[in-house]
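*Asks:* Use the sequences and the hints to build the structure in full.
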Amino acid sequence: MSLLLWGPALLWGPASLTPVAAPADGGPGNPWFSWRYVHENADAIGTALRFHAGLTAQTVLLALVVAVPLAVVAYWIKPLTGPILALSGVLYTIPSLALLSLLAPLVGTTSTTSVLIALVMYALLVLVRNSLAGLTQVPPEVIDAATGMGYSRFGRLLRVELPLALPGILTGLRLATVSTVALVTVGSLIGQGGLGDLILGGFRNNFYKAEILTGTILCVGLALVLDLLLAGLGRALTPWARGRAA
Numbered sequence: 001m002s003l004l005l006w007g008p009a010l011l012w013g014p015a016s017l018t019p020v021a022a023p024a025d026g027g028p029g030n031p032w033f034s035w036r037y038v039h040e041n042a043d044a045i046g047t048a049l050r051f052h053a054g055l056t057a058q059t060v061l062l063a064l065v066v067a068v069p070l071a072v073v074a075y076w077i078k079p080l081t082g083p084i085l086a087l088s089g090v091l092y093t094i095p096s097l098a099l100l101s102l103l104a105p106l107v108g109t110t111s112t113t114s115v116l117i118a119l120v121m122y123a124l125l126v127l128v129r130n131s132l133a134g135l136t137q138v139p140p141e142v143i144d145a146a147t148g149m150g151y152s153r154f155g156r157l158l159r160v161e162l163p164l165a166l167p168g169i170l171t172g173l174r175l176a177t178v179s180t181v182a183l184v185t186v187g188s189l190i191g192q193g194g195l196g197d198l199i200l201g202g203f204r205n206n207f208y209k210a211e212i213l214t215g216t217i218l219c220v221g222l223a224l225v226l227d228l229l230l231a232g233l234g235r236a237l238t239p240w241a242r243g244r245a246a
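Counting along the sequence shown from 1, when you hit position 157 you're at 157 in my numbering, and nothing is skipped either side.
Be aware that a few hints might be false.
Label-pair ranges, simulated between beta-carbon atoms [as the list claims (entries may be wrong)]:
1. T136 / R235: 16 to 24 angstroms
2. G221 / V66: 26 to 34 angstroms
3. F203 / W35: 15 to 23 angstroms
4. L80 / A182: 24 to 32 angstroms
No lab work stands behind these hints: they were computed from the structure. Only a predicted model underlies this, so the values are computations on that prediction, with no experimental measurement involved. All residues carry an ideal CB built from backbone N, CA and C; glycine is no exception.
*Replies:* Here's what the structure looks like:
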């Protein structure tokens, strides 16, 4: 076998020491899309898609649980606003490969948990900023009215401020979801990348174009579907915002 065929195996490890099926050139034997490839690998593609969607959902839910309380703290305690935003910004700037390397000794080299932790850290910046922006945009007269009606600080937050901040929170959720769908592919570096495993596998498999493009199309499609679902959820939960926009 040619050294060119074994080159990716030497780079990626013993698991890749298998003959490749696709030619390295751009000829008719290596098209950018192939229904035959999709049909013959439907189970593997479906598994990767479900894993990708599940990991994305876990990430945005966990990040939302962390980000909203942080935004509330920044909203209530103004001196902490800068440090909280700065911390979330610093976490976002850590290179993904370096972050996975730092997490590996703690949760395992090829653990899904390491990818989940990294993704949650990256999602915090968008969610914290948009949640805080939504809270700060609540009209002061509404807050005064709620206080005059006898609402406590927590009661006002739960019954008035968070509902009115919901459009901003949902905007952050949509942005975080779309970016997370893209970032999940980074997990393919440790074999936990969902559709990213298909994309990277195509490169390992002597640049198998059909595998690369299939993973890419499904990744983009998943992001669009989730964004549309969240947009619909936002319209259903915030009818007053829809009426104002109209």
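*Asks:* Each of the hints needs a verdict: does it hold here or not?
*Replies:* We went through each hint and held it up to the structure:
Between T136 and R235 the beta carbons are some 23 angstroms apart, a value that agrees with the proposed interval 16 to 24 angstroms. Roughly 28 angstroms separates the CB atoms of G221 and V66, a value that falls within the hinted 26 to 34 angstroms. Taking the beta carbon of each, F203 and W35 are about 21 angstroms apart, inside 15 to 23 angstroms as hinted. At about 30 angstroms, the beta-carbon gap between L80 and A182 stays in the expected band of 24 to 32 angstroms.
Consistency note: the structure conflicts with none of the earlier hints.
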